[in-house]
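Peer 1: As a plain string of letters, each chain reads:
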Amino acid sequence: MAVMTMREAINQAIREEMQRQPELVLLGQDIGAYGGTFGVYRGLFEEFGPERVRDGPLCESATVGFGLGLAISGMRAVVELEFMDFVTLAMDQIVNQAAKMHYFLGGQVTVPLVIRTPIVSRMGMGPQHSQSLEAWFMHVPGLKIAIPSNAFDAKGLMKTALREQNPVLFIENVKLYGTKTEVPEEEYFIPFGQARILRPGKDVTLVAISGTVPEALAAAEQLERDGISVEVIDPRSLSPFDTAMLVGSLQRTGRMVITHDAYRTCGVAAEISQRMMEEAFDYLNAPITRVTGLDVPIPSGHLHVTVVPDQNRIASAIRGLMS
Amino acid sequence: MIAATQENIGMLLALYNRMVMIRAFEESAIELFAKGLITGSTHPCIGQEAIPVGACSALEPDDLVLATYRGHGAAIAKGADPRYLMAELLTRTTGCCKGRGGSMHLCDKEKGFLGTNAIVAAHIPIAGGVALSCKLRKTRQVVLCFFGDGASCEGEFFETLNMSALWKVPLVFICENNGYAISVPTSASQATPDIADRARGFGIPAVSIDGNDVLEVRARTSAAVAHARQGYGPFMIECKTVRWERHSAFSAGRYENPEEAQRWKKVDPIPRFAQRLLEMGATVEQLNTEEVVARAAIQQAVEFAMDSPLPEPESVYEGIFAKPGT
Ligand SMILES: Cc1ncc(C[n+]2csc(CCOP(=O)(O)OP(=O)(O)O)c2C)c(N)n1
Ligand SMILES: [Mg+2]
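As given, the protein sequences belong to chains G and Y, one line each in that order. Sequential numbering from 23 applies to the first sequence in the numbering used here. Sequential numbering from 170 applies to the second sequence in the numbering used here.
A couple of the hints might just be wrong.
A few chain Y residues that face chain G, going by a derived Cβ cut-off under 7 Å, partial list only [said to hold, decoys possible]:
(1) C276
(2) G284
(3) P294
(4) G297
Computed cross-link-like contacts, DSBU-like style, restricted to lysine-lysine with a CA-CA straight-line distance of at most 30 Å [to be verified]:
(5) Y:K307 to G:K181
(6) Y:K280 to G:K122
(7) Y:K337 to Y:K307
(8) G:K122 to Y:K492
These are calculated hints, taken from the structure and not from any lab test. Predicted model only: the values in this text are computed from it and were never measured. A virtual CB, placed ideally from N, CA and C, is assigned to each residue, including glycine.
Sequences are here, hints too, so could you generate the full structure?
Peer 2: This is the structure:
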């Protein structure tokens, strides 16, 4: 096993698939020799050249549109959007076009398109460069959404995304790019719709998404010292969503806390909570609790730490539940 | 200009046939809408038939076309079977999109018709991507993209002009400038009289032509397609035309100006072309035969559609995602 960063793991998955699939093309801005805004594509331009690693103009909407056009006509495209906040500029192509085209054209086209974008929630980059907007897309039928929190999962999920015949939104997190895990030498795929228990526990189920995963694991550690056993689960993909694993865990623990960097109102936690109410209400020993980003434009600089959940906020929510 | 030889009289009559077929298709659509058989809306291209017919006649069979919700004519002109198109308008299971798409979403991939779109201008960058695919795969195919004057004000149009010129993709932009975007006349939406100027600003060769002259559209498109196929990149043709009908069968607004109505009658591309054909040596009988055959095909399409089943409610979840291996 090699130990590598999440950035390297994603790079490796894409490199392997580019070697395997001559029809696979990358589109985006600053993805050439520069290697991508956050360096995920380092070395790909040198290896595959400008025909396939296509640095292009700043036009998020047409870039996704071109990617979609490639996808429906015998190729496969990966489009990088530099910050998740910029999905707003490509919204129509993602939501009205890519997500629905297979359906409204009666299955005549397939859409092997991956849109990669990083959440930059924990760097104090201000209200237009810090948002976690995954809930918008979970709301829309027709998209698959992967949101890994570590190198191992990121590689396996990206390999799956690059064999898909459907549009995939692949949400990364800049804070996690440098974190390392073991990654097998041999090829592997992680299917969408399978959550992962990152740490088993028996008193409370803690569901953590993307940038909150390290905070959730740290909170679990803290609480262990107080005798509270926390099961940490990373859903890894939002569409399809592994409701069953969460229900199973809740049946064992009787309590659930959900944490994400995204805004609280209509965030993914609200949807998860409702699913638990529908499927495991009788097992609940306490109300399901959300520890989320605050409902404010995310301020620049120091104040942003007030907005996103940290291990202490998560731990105190769990202590509150247990008392 | 095309000379009237025996061989090409046949080809020209086929163009006439297609134009009449489109007219009949749209008249039927309006009628079926009025009877409540078409839900939602439907956007006829009556008066604009010369554009899709002329343009598509300049293509090879494996060239590709993308169009708008006002693209029934483009679908027919590219060779899609009107029975499956009409069944789609009536959202029957036999429709080209299995009754999922309806009037604004038609597709016939086999015939190279890669779909109509209901978001104004959204298909333009998609067409750019399809053209890039043809270039990268070295297929020598050319992509034709139809869009309206309204669409030419959207950002995605400008983004695609830039990207397609930059990457020299084999894309021919066909602007159907029919003078209106729903109720907004071009005088209230366009900063310059010729939309073709926008393409020139990106270094794309462009012409503004009489879009109601089918042979003019055909000749100009042939040249544009040759340019694109030879690897010189995109080309734009602005076809000036007029919209006869309301924006859609659903629209509240009407055009009651009798002077405009007279103007429309004078430029009707179908009698105009009939007159040309007679001058070129076609006979009245030949024209009548084409008319009868084309109208009969549409009558059959309506019957086929009406006899086809509606989808079952439980099928609504089918086809959201492609299955692995497709
Ligand atoms: C992005 C978007 N904005 C608005 C509409 C509503 N709409 C449908 S057709 C239309 C007019 C478009 O005019 P034009 O491009 O000239 O095409 P035409 O209908 O004349 O063929 C509008 C505003 C839409 N479907 N999509
Ligand atoms: Mg118009």
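Peer 1: All hints are to be evaluated individually against the structure, with a verdict given for each.
Peer 2: Verification of the supplied hints:
1. C276: 4 Å, holds
2. G284: 5 Å, holds
3. P294: Given a least distance of 3 Å, the restraint on P294 of chain Y holds.
4. G297: 5 Å, holds
5. Y:K307 to G:K181: 27 Å, holds
6. Y:K280 to G:K122: 21 Å, holds
7. Y:K337 to Y:K307: 13 Å, holds
8. G:K122 to Y:K492: Within the cut-off at roughly 15 Å; holds.
Comparing the model with each earlier hint shows no violations; every hint is respected.
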